Amino acid sequence: MAGLAAAFGSGAMTNSVQEFEEAEVFFVIGSNTTEQHPLIASRIIRAVTQRDAKLIVADPRDIKLARFAAVHLKHRIGSDVALLNGLMHIILKEGWEDKQFIKARTENFEQLKTVVAKYTPDRVTEITGVDRDSLRKGAEIYARAKKAMIAYAMGITQHITGTDNVISCANLAMLTGHVGYPSTGVNPLRGQNNVQGACDMGALPNVYSGYQPVTDPECRQKFENEWNVTGLSDKIGLTVTEMIDAAERGEVKALYIMGENPVVSDPDANHVARALRKLDLLVVQDIFPTETTKLAHVILPAASFAEKMGTYTNTERRVQLSRQAIEPLEGTEQDWKIICEISSRAGYPMNYHSAVEILDEINRVTPSYAGITHDRLENSWGLCWPCPNKDHPGTPFLHKARFTRGLGLFHAKEYIPPAEPPDEEYPFTLTTGRMSFQFHTGTMTRRIPILGREAPKAILEMNPRDARRLRVRDGSMVAIESRRGELHLPVMTTLDLPEGVVFSTFHYSEKNINELTICAIDPVAKIPEFKSCAVSIRRI
Amino acid sequence: MKRLKKDHVLPFLKVMNKTEQVYCPQWVEGRDLILMPLGEGEYRGDLGKTTISAKTVLFPQAEAITSFRTDKISKIIDSTGTLVFGIRACEMKAIQFTDRFMTRDNLIDPHYMARREKMTTIVVACNKPPSNTCFCIDAGAMPYLESGYDLQLFDAGDYYIATAGSARGEELLANSYFEEGVQEDRGKVEDIKKEALNSQHNRPGVERAIDALKEDKPDEAFWEELADKCINCGGCVYVCPTCTCFNVYDLPSQGGYIRYRSWDACLHAGFTRETSGHNPRPTQWSRLARRHEHKFKFDIINYNESGCVGCGRCSDACPVGLGAIEIVNALNKL
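The listed protein sequences derive, respectively, from chains P and G. Residue 334 in this note's numbering sits at position 334 of the first sequence, with consecutive numbering throughout. Residue 1055 in this note's numbering sits at position 55 of the second sequence, with consecutive numbering throughout.
No lab work stands behind these hints, which were simulated from the structure alone. Where hints are given, some of them may not hold.
[Stated by the list, open to error] Covered by chain G, according to a simulated footprint, are these stretches of chain P (three or more residues, beta-carbon under 8 Å): (1) 34-40; (2) 151-162; (3) 446-453.
Since the structure is predicted, the reported quantities are computational estimates derived from the model, not experimental observations. C-beta: ideal position from N, C-alpha, C; glycine also.
Construct the entire structure; sequences and hints are all you get.
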């Protein structure tokens, strides 16, 4: 998100889901779309099989989408910047760039040119493992299409170079003029139903709702007026990973966690648990008991989605109304009521009477949400922000004619290898992800028997050649060890993975793969490198 | 033959609701037409095609079937009397199909049959297909029924013309809300039937599709191409009026356990996975093939009747365009 904000001025999917139906070329990088965004994937598959659209997949794994790809760039984990620079190198060399777009709509192109010049096909092949022909083919298909969309997900962001990876995607789109038009753009597929909404509402350390900086005195003034207070802080707060570290150092004394299960979902889980135990006060608000509530001093039982009214903002910036189906179960309360109550008892009375009243306030203080009113949501399938007033139809694609920040900013990036490359002691790369039948740490989905049947337990996927070398087969137990922890998992062999790479999911708290992952973070977005750490594996 | 004024439907249902649980198609927030207990939504008189068929009354999405305690194991049977108003001929045909399945070889499903025996069915024939995905005629069903219902109504404008198909139906006709009909009503019913037969133009070609399957025409590549689009959500199975596969699981409850069953889908990998881990249908294409072979091939062998009644719900529900209509279309191209 920080990457796109830097390049374009707005950190969100530039285009909308519907536009996948019209694109000529899709460049999918770091997204197992059929598993995690199946409806977007089915649009891509339909486009490829029914109207000859072309698909470029860049992924170290043989994901299902790769079967439909005109070219599959099987780059090494964490080599995204080198790969993207390599594609841009070829595009510039062949003169496939959009000169007019670069001139009229972007700045800092010369810097990009200088850096990209160093990424010759030979060098890129060496770093990424992708052959020259595939690089050229990928570059040509993407650059020479009229309407080409880039889609990415956590395979791009969950690296120490997450922001660099995103910026490189943005560079590629600007270089070829594939942004600011329908069925183009740079499209982060968000990993949760409302992660866009949470960011939009300012659940970030540096902004109020609608990305209004806390460091901007005018913004602060506006919120002080609305909330009838003075002296709102102008200091940027901490991100989740920083809070955990600060708790371990004893600098953060109290933590109030809502709907998160960091003991399972955050990297280096033993370190997370250790840090949380050091807190003077841990408050956890959730709908079910979790590994994190076990450490809490106070648990606030919250109501589920069915027991409350509100809005979700999905990956395409579409704000949709969610209606209350049933009354909250006995002993639980809706999140906003809990927050009002806590605030009131802490000395600032919050007197909202309904979710609608809260949305009214959002409309007043958030320019991009100003026209997304309750009445309009009630009678529609939702509205895409920015929607600055009540008559505005919403914005399916961003940066038409002008980027949010004015000119699009090229920002050249150099390749940096993953924080913990494999070595003699830990010769495998562990990469983590999700599958469609479970959601995150499983606190909800693992209570559903049929999902449990489909995806019952944690497994370690590996290439059959690696399995042969380790003298294990499907179902054998192995000990997998990193510098941070050890776990015993059954093996499942699959040709989808290259040799030297193993994969597992973080859905199973009793076999928590995040005890192994590394808490190396992207310096800007502070996202941990879930996609790569070094491990050793032995038969037991 | 008797008449039921449309204005009298709701008062009639309200009276019936005193002695049995009445279900009828109702609108929820003006968007979804759902067959649900009277009063839970808004009855507007337009019956249309409900999202999920009357299957949901006889075979709910999830139900408790057994309770376990250390000292006692007991079956849980719900035999609430129900009256289902406004179901379509295709749905009734699906119920007849399911009845046969649930009692096949004298293996009787007690949970289903307890509800079925206490269910009164009031079918409303279709003058016109309620949606453009209806293809009952092509599927060998009809927009109206000749038998197998308690009461069948024909829409004659301001009123329904009612015919009884069972003793229970005759009993209902004795209710004072039903008025004596006139001689011409018989002719009117024939006209409505004719209109119904002539107004349905959706003919995907089920018979030819059945032949293609009989002759084993589709190969792996055929199914693979279709299955590539399938996102394995199971929606087609859940909305199908003749799909009744279920999963069984136990949940703790007050010192014991309750065994539940809930809808399952043959498109999920775990459906056929064996304890060893071996899966006889390991791929999405083999599961998709199996589902449609079941409807259009094995059901014909077993019951001399296809398992698809042509309601088109799977085509309505599928987010990637892979319902029965699309499968039949593809089979026709072989």
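Here's how the hints hold up against the structure:
1. 34-40: holds (count 3)
2. 151-162: violated (count 0)
3. 446-453: holds (count 3)
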